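Visitor: Got chain P; can you put chain X on it based on the hints?
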Amino acid sequence: MTLSPSHLFFWLTVLILGGPVLAGLTGVVAGAMGHVPGLQNAIPAGDVWGAVWSWPGIGRSVTLSFWTGLLAALISLASATLIMAGWSGTLSFARARHWLAPFLAVPHAAAAFGIAVLIAPSGWIARALSPWLSGWERPPDLLILGDPLGLAMVLGLIVKELPFLLLMMIAALPQAKAATSMALVTALGYGCARGWLLAVFPGIYRQIRLPVYAVLAYSMSAVDAALILGPTTPPPIAIVILRWAADPDLSLRALASAGALVQLGLVLVALVLWRLGEIAVAQLGRSLAESGQRGSGRAAEIAAATLAATSGIFLFGGFAVLALWSVAGAWHFPAFLPETLSFRVWASHGAALVETGAATLLLAFAVVALALALALGSLEAKPHRCLLTALVYLPLIVPQVTFLPGLQAASLKIGLGSGALPVGLMHLVFVLPYLLLVLADPFNALDPRYRTIAAGLGLSPARQFWRLRLPLLLTPIAGAVAVGMAVSIGQYLPTLLAGGGRLPTLTTEALALAAGGDRRVIGAYGLAQAAAALAPFALALALPRRVWRNRQGMLHG
Amino acid sequence: MAESLILKTLTISAGATPIVSVSLTAAAGEITTLMGPSGSGKSSILAAITGTVPDGLFATGEILLGGQNIATLPGWKRHIGILYQDDLLFPHLSVGGNLALGLAPGGRRTERQGRVKRALSEVGLEGLAARDPATLSGGQKARVALMRVLLSEPRALLLDEPFGTLDSELRSQIRSLVFNHAKARGLPTLLVTHDPQDAEAAGGPVIRLR
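These protein sequences, in sequence, are chains P and X. So for the first sequence, my numbering puts the first residue at 0; every next one is plus one. So for the second sequence, my numbering puts the first residue at 54; every next one is plus one.
Bound-form chain P, shown alone (with noise of 0.2 Å):
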């Protein structure tokens, strides 16, 4: 058998999306049995696991994980469903829907200071209410951000995993045959929400059950929001694990790659836990579907809106207190808006945004690219599906901060140091699956007789791909290059760890910049994160009206 370029492209894929993984796991083993790169004698494994046990707050930062991470799944899972039940279907929704991607594509780090600003003591919220209501004529001392049981970092994990969820749903309605049930059950007498949960949503739950369990796993070990929004004394287990890693004593990577097993650990029983619950539920449905009882879902619906709502007012209201702080000359607590505005922080970072900024985008960009033709060329090979399945999303599943320790060890053994290859090769394995996963609807969907058309034509494969097949996926793939920028701008645990700080970007930087605690370069720093990733959705949907001016097919197909 010859092997084709796009075979080549293909293993190619699986290589990337499985290699660093499987290669950063087994050094995190290593290192969490005392052989660390760079140091002379291997530590023994038992004073590793005892240094990891007996570090002060360690048993509270595991519970702290554990619990955060399942709490912001079920409610970002809960609040998806009820939106989706309560409202799919409806005109409103079709143009909503729309609003969905750019809220995927805003940085969770960005998201994160937007809510730190509208909810800490002296933030928006509290000005709003004060001093009329609250009688607060100085910032109430409380702890809100940063509060002991992380529920702010629980709100600003919810805030970026519901559109993504929900996002997910509204792909898989189609193979759901969510229209044809609905219109079965609402005959039966079925109020929509109800009708909806009970008939569609667990023909959705089966397609989804992927992207939750990457959404229960990220929350559980997140280390941006949890920086930005999460308690310090003692932190997530994540960022224990972080500190640990980017300790200059080599030896405190021993304790990373313990750390990192043991946060290995605890998202593996959360995932079983979460199964247990699974067929529970499946259990509970069944029985409710059997009663037979009908009810409205009124109840259903305003939940729904409420939650939409809600988190639009937290990431939009976020960005606007954001810009607001960006400009702020004078602006004491109750103030509702800045005594003066002064454009000093525009001025003195203006230069500086500007440069990391296109290091940023240049960065994302070179990225995306590549991966953009792995994906291609992987869709094009026609693929073992199943393994494609598994493996797009093992790098979503599998806990960033738990590989990314070994593989940093990996990557030192074998002499590729740190910088901007490096990080462009993490930004990678993190891209492609989300290009992946955009791209193979749209492919897939692709008439088949187009290919019979072509081939009678007598068009090489080649040339059907590049005549035929790529501009025909000009829009999904404009919109997967969005996606695919935004993911690689959002990065923060892999830059920081292969860049070693010698490739800044806006996330790493803002990040730097809010232990800081300037709200005015903050503002400033989220903001222009923000712009990055949020840019190449506007030139993404502006690219295909723009090409396709005159060819009404392809605007409206």
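FYI, nobody ran anything at the bench for these hints, they're computed from the structure. Note that this is a predicted model, so its numbers are computed, not measured. There may be inaccurate statements among the hints.
Said to hold, decoys possible - Part of the chain X face toward chain P, derived, beta carbon under 10 Å:
| hint | residue |
| --- | --- |
| 1 | Gly-104 |
| 2 | Arg-131 |
| 3 | Ile-133 |
| 4 | Gly-134 |
| 5 | Ile-135 |
| 6 | Tyr-137 |
| 7 | Asp-139 |
| 8 | Leu-141 |
| 9 | Leu-142 |
| 10 | Phe-143 |
| 11 | Ala-187 |
| 12 | Val-202 |
| 13 | Glu-206 |
Just so you know, even glycine gets a beta-carbon here, dropped at the ideal spot from N, CA and C.
Guide: Below, chain X without anything else, positioned relative to chain P:
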């Protein structure tokens, strides 16, 4: 080029179960009709000839074109033109772009444009080369689709219920246009249909699948 398209016990199977088996000779310049109820394997036979048998099925037997067994060639080297019920013009290309796509590569630009222009005027569509295919009427699209496949100089023509979506007046008009062009070029043509009127109009041998 007076080549016949000959199917020698062309058999499509799913695993070990044969679905359909057929032997026939479609003579050059003649319209051979393949009739049968849906599910009788008509589409699978066409897919075997174009080299696009779907996953899970496989074809055995010989497909001879001018004495050469093309069954072993990849689809794009077989030069089998096909017309479907839908026009399936490529929506991203202009009318002229659709036609030029089928032209063999090479030749001067003006020469290629000239051939596209002549093909359009042959079917009464002068001056439409720059148009967006989405703006054409159903009859116009069908004619563009016909000229696209003919310009690619196929060695045989397959018609997969190509007149199904046209209303009755247009139907007979397009039908005779397609048949006349196929006969005039001496193409062996295989028509798959379940409409007896199509078979009658084709005027060639009729093979019934069960």
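Visitor: List in ascending order the numbers of the hints, as given earlier, that are violated by the structure.
Guide: none
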